[in-house]
Amino acid sequence: MITYHDATLEDLPFIVDVYNSTIAGGQVTADTVPVSVESRLEWFYQHNPNNRPLWLIKYQDKPCGWISLSSFYGRPAFYKTVEISLYLHQDFRGKKIGQFMVDKIEQFAKQAGIETIFSYVFRHNLPSVNLFKKMQYQQWGLLPKIAELDNVQRDLVILGKRLN
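Add 118 to the 1-based position in the sequence shown for this note's numbering, that's all there is to it.
Please keep in mind that the hints were generated in silico from the structure rather than gathered at the bench. Note that CB positions come from ideal geometry on N, CA and C, so glycine has one too. There could be a bad hint or two in this list.
[Unchecked claim] Pairs of lysine-lysine residues, derived as BS3-like cross-links and limited to a Cα-Cα distance of at most 30 Å, are as follows:
#1 K213 with K279
#2 K252 with K180
#3 K228 with K213
#4 K251 with K263
#5 K279 with K214
#6 K180 with K263
#7 K251 with K198
[What the hints assert, rightly or not] Label pairs and their in silico Cβ distance ranges:
#8 E156 with L281: 31 to 37 Å
#9 N269 with E233: 23 to 29 Å
#10 G259 with S154: 27 to 33 Å
#11 D268 with N166: 33 to 39 Å
#12 N168 with N248: 28 to 34 Å
#13 K213 with P131: 22 to 28 Å
Whole structure, please, built from the sequences with the hints as guidance.
Structure below.
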């Protein structure tokens with residue numbers, strides 16, 4: 119059973135641990151060294167349960183990851199546009215949690231008046247690319263060889279979806 123709740127400050131160490139666990143793999147994040155809980159406080163406080171949620175995800179009552187909607191570009195004209203981020207602990211991947219949570223946060227976003235949702239994904243991160251394509255996201259952009267991970271130039275794709 120998959121459940122979720124608005125993340126609290128007490129959840130932040132787990133959220134950071136899950137995020138940091140993806141760094142070594144070189145396909146999920148552009149960070150190359152672990153981040154600290156303290157360094158993520160400002161990011162944490164940029165979320166709010168009304169229209170920019172940060173949810174802690176649980177699978178069978180065990181914390182397994184997080185999903186968030188973040189403001190895009192910080193300008194008023196983009197208020198109805200958000201960036202989606204989803205991170206799952208490696209032990210919980212392949213259980214359809216991602217599909218379930220993207221669907222749930224899209225339902226939330228529609229009710230919150232959000233019209234456009236997108237994600238930046240490394241093109242070689244096939245599990246994430248495939249998840250978003252399965253959820254009807256389209257490739258809206260390609261930034262070729264924009265990042266260097268493990269001495270390899272990597273492409274970043276922008277996957278987006280209109281919700282209305």
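Status of each hint after checking the structure:
1. With a C-alpha separation of about 23 Å, the suggested pair K213 and K279 falls inside the 30 Å cut-off, and the hint holds.
2. This hinted pair checks out: K252 and K180 have alpha carbons roughly 26 Å apart, not beyond 30 Å.
3. Simply put, K228 and K213 have alpha-carbon atoms about 25 Å apart, close enough for the 30 Å limit, and the pair holds.
4. A hinted pair counts as satisfied when its Cα atoms are at most 30 Å apart, and K251 with K263 qualifies at roughly 21 Å.
5. Of the supplied pair hints, the one linking K279 and K214 holds, its CA atoms being roughly 20 Å apart against a limit of 30 Å.
6. A distance of roughly 37 Å separates the Cα atoms of K180 and K263; the hinted pair therefore is violated under the 30 Å criterion.
7. Taking the CA atoms of K251 and K198, the gap is about 21 Å. The hint holds against a cut of 30 Å.
8. Our hint of 31 to 37 Å for E156 and L281 holds, since their Cβ atoms are close to 34 Å apart.
9. For N269 and E233, the hinted distance range of 23 to 29 Å is not satisfied, since their beta carbons lie about 40 Å from each other.
10. At about 31 Å, the CB distance of G259 to S154 agrees with the hint of 27 to 33 Å.
11. About 36 Å separates the C-beta atoms of D268 and N166, a value consistent with the hinted range of 33 to 39 Å.
12. For the pair N168 and N248, the beta carbons lie near 31 Å from each other, so the given range of 28 to 34 Å is met.
13. Separation of K213 from P131 is about 23 Å and conforms to the stated range, judged on CB atoms against 22 to 28 Å.
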